[in-house]
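Visitor: Here are the chains, one letter per residue:
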Amino acid sequence: MGTVIKAEHVGKKYVILHQQQEKYVTLRDVIVKKTTSLFKSRARLNNTKSPATEKKEEFWALQDINFKIEQGDRVGIIGRNGAGKSTLLKVLSRITEPTKGRIKIKGRIASLLEVGTGFHPELTGRENIYLNGAILGMHRSEIKRKFDEIVDFSGVEKFLDTPVKRYSSGMYVRLAFAVAAHLESEILIVDEVLAVGDAEFQRKCLGKMQDVSQRQGRTVLFVSHNMQAITNLCSRVILINKGLVIQDDTPSKVIRDYVMFETSKDGSVFWNEDSAPGDSTIKLLAVKILDQKNNIQNRFFSKSKIRIQFDFILKEIDPDLVIGFDITDEDGVVIFRTYQNDSKQEEWPSFQKGSNSIYCEIPSEFLNVGTYYISPKISLHCKKWIFNADPLLSFEIELNHGVSPFWNVLSKSNRPGALALIIPWKKKTENF
Amino acid sequence: MTRSKENEEFDLVIEGAGSNKRYWSDIWKYRELFLFLAWRDILVRYKQTVIGLAWSLFRPFLTMLIFTLIFGRLAKFPSGGVPYPILVYAAMLPWLFFSTSFNDSSNSLINNSNMLTKIYFPRMIVPVSSIIVNFVDFLISFALFIGLMFWYHFVPSWTILTLPLFFLWVVLISMGTGLYVSAVNVKYRDFKHIVPFVVQFGLYISPVGFDSSLIPEKWRLLYSINPLVGVIDGFRWAIIGNPRYIYLPGLFLSLSMTFLFLLFGVLYFRKMERVFADTV
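Residue numbers (the numbering used here), protein chains in the order written: chain A, 1 to 432; chain B, 433 to 712.
Just so you know, nobody snuck in bad clues.
Across the chosen pairs, the derived CB separations fall in these ranges:
(1) B:622 to A:82: 23 to 33 Å
(2) B:485 to A:142: 31 to 41 Å
(3) B:622 to A:274: 23 to 33 Å
(4) B:699 to A:59: 28 to 38 Å
(5) A:9 to B:680: 52 to 62 Å
(6) A:72 to B:572: 47 to 57 Å
(7) A:31 to B:688: 23 to 33 Å
(8) A:59 to B:456: 28 to 38 Å
(9) B:571 to A:274: 48 to 58 Å
Honestly, the hints are just simulated from the structure, not real lab data.
Glycine included, C-beta positions come from ideal geometry on N, C-alpha and C.
Work out the full structure: start from the sequences and follow the hints.
Guide: Right, here's the structure in full:
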């Protein structure tokens, strides 16, 4: 046992150039700027008004990160989008250098920040296993030895000699994860890669990660928006916000605090058009929790329906656009997920270019007493996530639909469970 | 526990300011990746097109024809007793290797940008393995050369045994310039428009279409500042065996320029490498 990762005052600064759209410079711009500034510096002598200088803004993605990780720890890292999680992982996996501070590491690190990095669509599954393994730092002999195990885990043995461009996205992800999961390393760093892939596969991956850490004593760092996965897998959770470690404790405690403090409690979240999350297809403007009279609310009686409304702007209409959300409880357990296109196709809300509002209603007499959280999910089906947030809004339910004196009395001390369904019971008769 | 002792306990210390002391041992550890990346590029090239193979035959052949026509037939440059196509082709071998490597390595980092931002490995592997890919092209054009020698009943001199040394030389030139240009290309994205021009310019200032002993004696040393002059002379000497191709002071100057380029390329690449992941 002992400390395997020690981060001391780690900071990472990015410089944002405001004038330019692109993140890189062009030679042309440099030449133009140099020559114009030559003239300008002369002109400035005559003109007291100085010309508008280029705006440079420093941005500390990581400010001062300190932590120690012991061998065999399973550490979850959570935080809002832009909190610095990904930057931290990039620094840890040596993709980018810290601006200040240092990290000491004992043992070999394998990091999986993206599934299938370096996969080439033209190559077959077999070829990609070797290629990807080599990119991840495995030797050919090591890959050979583990080849059968990798194929077995991925479940694509029938398609080993098919180019991966013909794979379904599920198969692709399975194969890619299989390679990474069989790396021989003491420390495994995994970014939100399980967001893709089906539920069964996610379970398999989590199982593999659990196996890796508990049976083989390896250390796992795991970033996810899936609070349930974090709770299941991790022994410890670090909460990061604005490049600082806010909390470092047991999963249940950190997650509870995180969803309590970080979610909007007034029943709505708004963005203005500049800061709106989204991409070239969609910009999300607001998520609202409404009552039947269209007022924004955050406390409901269980007898009333709860309307969840999404306001957004569509730049183009993509038939693969999927909008929905997860409802989770205080421990991050997902109660259910719903999407706008779960029902029959005729019943889907239609989209138009420009501003749209769609809503759904959570049925009455359904949820139990408690606080519930909404995590919006927007994606292009099986292609990419556009918005995959942690819990963003919360609302509370108070029970009032009990019709039985027994339940009503008992409701003073809450019934367990997330749902409060009234299910009628019948007497079994002989002739039925 | 003293600080240095505490550091010893850890295998790796990540710090800012390019303090990676294990860079070269990492390159050794990742040595298989050089070949894997090259293997990928070759596989993809020949999988996608049959033209891939035809292209690596056509290009040297056509260039050789044109040069023979212009310099040998029209300008009537002396060939020194060897068939003009042989004279040209001996220079085409290193020239094509260099120009393709220069071109491919300049784009290599951009083409593999998704790898650079998602995974750690010594970045130098990317441009270098794009140069290794061209080894296959070199072998193909060499096979064509053997055919050409049969056609002209040309028997190479024993000095052809030194050819691997000169090949190594052109690899070093390609690496030095390739590392430099790949790093510049990440920083200035419009640099890629300049690359074809640089290659074309290089063709004019290198003795590909003619024998460099045509250059007046007093200019010959200056001419050899271009390291390709030395290597092309070397290829001609190795294949044809005539000592007139070798001009020793120039050869040494070219060789020193090669190492200077290599040193400069490596240093610049190492300096720029630190910000690749943030800018690519």
